[in-house]
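Enquirer: What follows is the residue order along each chain.
Protein chains: 2
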Amino acid sequence: MESVHPLTDVFRYVDDHKNKFVETLSQAVSIKSISADPELRNEVNKMMQWAQSKLKALGADVELCDIGQQTLNEKKVQLPPVLIGTLGNDKSKTTICLYGHLDVQPADISDGWASEPFVLTERNGKLYGRGSSDDKGPVLGWLHAIEAFQNTGIDLPVNLKFVFEGMEESGSIGLDELLIQKKETFLKDVDYVCISDSYWLGTDKPCLTYGLRGMSSFFVEVEGSSKDLHSGMYGGTVYEAMSDLLYILNQLVDVKGKILIPGIDEGVEPLSEKEKELYEKIEFDVDAYISEIGASKSQKETKEELLMSNWRYPSLSVHGIEGAFSGPGFKTVIPRKVTGKFSIRLVPNQIPSRISEIVKNYVQSVWEKRQSPNKFKIYTVNEGGNPWKTDPFNDHFLAAHEATKTVYNVEPDYTRCGGSIPVTLTLQEVTGKSVMLLPMGAGDDSAHSQNEKIDVRNYIEGTKLMAAYLYEVSKIKH
Amino acid sequence: MESVHPLTDVFRYVDDHKNKFVETLSQAVSIKSISADPELRNEVNKMMQWAQSKLKALGADVELCDIGQQTLNEKKVQLPPVLIGTLGNDKSKTTICLYGHLDVQPADISDGWASEPFVLTERNGKLYGRGSSDDKGPVLGWLHAIEAFQNTGIDLPVNLKFVFEGMEESGSIGLDELLIQKKETFLKDVDYVCISDSYWLGTDKPCLTYGLRGMSSFFVEVEGSSKDLHSGMYGGTVYEAMSDLLYILNQLVDVKGKILIPGIDEGVEPLSEKEKELYEKIEFDVDAYISEIGASKSQKETKEELLMSNWRYPSLSVHGIEGAFSGPGFKTVIPRKVTGKFSIRLVPNQIPSRISEIVKNYVQSVWEKRQSPNKFKIYTVNEGGNPWKTDPFNDHFLAAHEATKTVYNVEPDYTRCGGSIPVTLTLQEVTGKSVMLLPMGAGDDSAHSQNEKIDVRNYIEGTKLMAAYLYEVSKIKH
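Taken in sequence, the protein lines are chains A and B.
First residue of the first sequence: 1, per the UniProt record's numbering; consecutive thereafter.
First residue of the second sequence: 1, per the UniProt record's numbering; consecutive thereafter.
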């Protein structure tokens, strides 16, 4: 006889309350908590208060932390508070810190949504609405998992610390300072950190995420004259800034994506056999990936090569040029000053300051070869973001692995992400503990695009996964 | 004893009526005839009517010709009429066609004007105001020259045909069609054409202009995907359109302005000894030219080389890129589709359609070397504009040369212009006669910029020059 899982009742509760949980998500989605729009700051505040009352109802001690103001278009605007909460204080239990965010990306039906973005709408087993997957659905997943423990009379096996913010889509302004400030108090006893704000690689198979890339961004400025010039009146007589800039930007990366900067691989971790095996096991369809974005062909030949290029090797993208003519139609201008913008995604164990130095030296040397009398500058506006990687074979990941098997009946893929979630590093540094990214949504959820959705399956099974994760982590021996 | 010039009284009349002529210019400048702004179309119409009444007062037969509508932002907008007029019909006299325009570039004091742009303001012998030099001042110059003949009892020695339009700053829409239509009627008996809508090379010495460049404009489009991509999520996996475009745009021109397209010099006239001498005589200060635009250094070593590069050889400028990130700050986007825009200024005797073919073939061959699977297209949106050049040693130029010596006591420079004035070619083709560009304003008049002005000297002596020009042309033997 098959043994009964200790969370069977919890799982059944989640299944039985599917409609209620969808209704709660519908309430959350209806609040237009767009952090990018200062006119909607009250909606973000309302969202934080709504979540505060939900946490309170579960018995948590909660606090809305004032994190001050931001300056937007030269005006001071109050930041939405960060919601922190504590549930349970049993010294014998493991303490898990959960991070999520309640603000969303902008959305309007005129952008090309099939239904109102702030009215959760179910079609074919998918729940469409802004924030459904990023990140209101996952935040509610944690709350519903706790509710399921409580309402089935099963003791919540862990203590919880909640950190829910309202500025993630706008750079998490003020969050790092608060977390650092709470290091010795609120965050002192945390044993593990879990962040559910990323996605499966595909649409079928769950995954655990153990790495993120960092980033250094660069501005290359060339100035040829003190005013824009007419290309008829001046063409043929002046050193054109645009021509110089194109010369530089063309020497950064080749057609296959190889970065042309000598030394750019400095710090890149060698690929171990064990890591290589993780890539081989991953379920990933290169053709589907390429066809989904409407590209002609993958730049990399194999699944492994493609994923490694996005996750464990640096990549360079030129984003655009400021100061040149960029409108529709035609304008016969010789732009006076043009600024090219590019970034390099960094990987473990690259150091942003060191990479910036290598890049600046290289671009400077390219410029010197140009022999142009124009004014030239390469600069960065911040220190750059560190890459992040953790050990995917530790107890924490093993626990999540077990939880995934329990709920989805499959071994999770071990993935990284080509982008950045800066709070991951902050939480790791402040707590000194293992951080995991445990996605709820699928790879096709269109987090920042039109028609964002979360599959009912991911929302409901993901809630069970969260319950199972809390349970499995509680069993880790210290 | 020195002989008295037959126009002495005419010149004295102009001097004596300086204040009145400035006042008339002030009235013209006060009308906001900005052709680019459809909301101000009534102001352009008012300006055309104002000029019509002035021409009528001189005894001309006038007509405001309806040239139909234009489509602006998907709305039909009525075009301002073209004012045509005839003064004199004496078969024994030479007939001169005078072209000018009465619309102006946009202007607002907030753009950085030292005084209201539509209030003519005198400071240090300069008359500041939008249209003072481009082109209301010169148009009034012709009218005042005629008035001076009439009011001093000196017979106007020529018949005149006027063509004054109100759309020059917005592409002269509808003008060509009208001129072609009037070829066998209104324009039938024209012997010479004179256009006063250009500038001296510098600020001291008058010039006669005998050449203009043409232009071909190109769009290079590279498409990598059906949507913009996040450089974290996709960087390292896709063929980036921006990278491909930079590769192409970098292979058009070198740092010294040399166009890298084989065959691009096709059709360029060889430099004759006689033409070379014209360049040697020209008064032109390379250092002042470079310092006026705030550049570091001239791209060409000598005065002759610089002027020839701008006037008699093709030049290529890259104006910008549509579709890439162009705002301030930073955006980590991989743009889905980018369109580079560049143009080539054409010179006698280059044929735009032939040059377009050469350019397209070259860019296509560069693209093929790139070996990128992205979608690519190079195209033009119009046929391009022809260059124009006339014989600066013919009777017509000799007459203007004499007129200049009479008024300014100096031999004029013979210049070309690096830009285009398309009506020049149209008038030459429709009349089959010699066209001259006879500038009134100085090289520092800032025609399309803030603080446009005309020097009182240029306005008054320029009016005398126009009178002397009419007189000298009347003496040409047929």
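I should point out that these hints are in silico values taken from the structure, not numbers from a laboratory.
If you're wondering where the values come from, they're calculated on a predicted model, not measured in any experiment.
Be aware that one or more of the hints could be misleading.
Note: identical chains are not told apart, hence a pair may lie in one copy or across any two.
Here are the simulated DSS-like pairs of lysine-lysine, each with C-alpha atoms no more than 27 angstroms apart in a straight line [said to hold, decoys possible]:
#	residue 1	residue 2
1	LYS369	LYS258
2	LYS56	LYS20
3	LYS475	LYS337
4	LYS475	LYS377
5	LYS32	LYS331
6	LYS76	LYS56
7	LYS126	LYS300
8	LYS375	LYS331
9	LYS377	LYS331
10	LYS227	LYS32
11	LYS369	LYS300
12	LYS93	LYS300
13	LYS297	LYS337
14	LYS91	LYS205
15	LYS274	LYS227
16	LYS227	LYS205
17	LYS297	LYS360
Enquirer: Which holds for LYS369 with LYS300 at a C-alpha limit of 27 angstroms: within a copy, between copies, both or neither?
Expert: between (32 angstroms within a copy, 19 angstroms between copies)
Enquirer: Give the relationship of LYS475 and LYS377 under a CA distance limit of 27 angstroms: within one copy only, between copies only, both, or neither.
Expert: Cα proximity of LYS475 and LYS377: none, with 56 angstroms in one copy and 61 angstroms across.
Enquirer: Reference check for the pair LYS297 and LYS360, CA-CA at most 27 angstroms: within, between, both, or neither?
Expert: Between copies only: 25 angstroms across, 32 angstroms inside.
Enquirer: As a check of your reading, is LYS91 near LYS205 (CA-CA no more than 27 angstroms) within one copy, between copies, both or neither?
Expert: neither (36 angstroms within a copy, 93 angstroms between copies)
Enquirer: Taking 27 angstroms as the upper bound on the Cα-Cα distance, should LYS297 and LYS337 be classified as within, between, both, or neither?
Expert: between (35 angstroms within a copy, 15 angstroms between copies)
Enquirer: Can you give me the call for LYS475 and LYS337, within, between, both or neither, at a CA distance of at most 27 angstroms?
Expert: For LYS475 and LYS337, the Cα distance exceeds 27 angstroms both inside one copy (61 angstroms) and across copies (52 angstroms).
Enquirer: Is it within a copy, between copies, both, or neither that the alpha carbon of LYS76 lies no farther than 27 angstroms from that of LYS56?
Expert: Neither, since 31 angstroms and 62 angstroms both go past 27 angstroms.
Enquirer: Go through the copies and call it for LYS377 and LYS331: within, between, both or neither, with a Cα cutoff of 27 angstroms.
Expert: both (26 angstroms within a copy, 20 angstroms between copies)
Enquirer: I want to check one pair: LYS227 and LYS205. Are their C-alpha atoms no more than 27 angstroms apart within a copy, between two copies, both, or neither?
Expert: The answer is between: 25 angstroms across copies meets 27 angstroms, while 56 angstroms in one copy does not.
Enquirer: When no copy is named, should LYS126 and LYS300 be tagged within, between, both, or neither for a Cα gap of at most 27 angstroms?
Expert: neither (32 angstroms within a copy, 65 angstroms between copies)
Enquirer: Is it within, between, both or neither when you check LYS369 against LYS258 at 27 angstroms Cα-Cα?
Expert: For LYS369 and LYS258, both the intra-copy (21 angstroms) and inter-copy (17 angstroms) Cα distances are at most 27 angstroms.
Enquirer: Quick one: LYS93 to LYS300, C-alpha cut-off 27 angstroms, is that within a copy, between copies, both, or neither?
Expert: Neither: 47 angstroms inside a chain and 78 angstroms across chains, both beyond 27 angstroms.
In this structure, the hints that do not hold are numbers 3, 4, 6, 7, 12, 14 and 15, in rising order.
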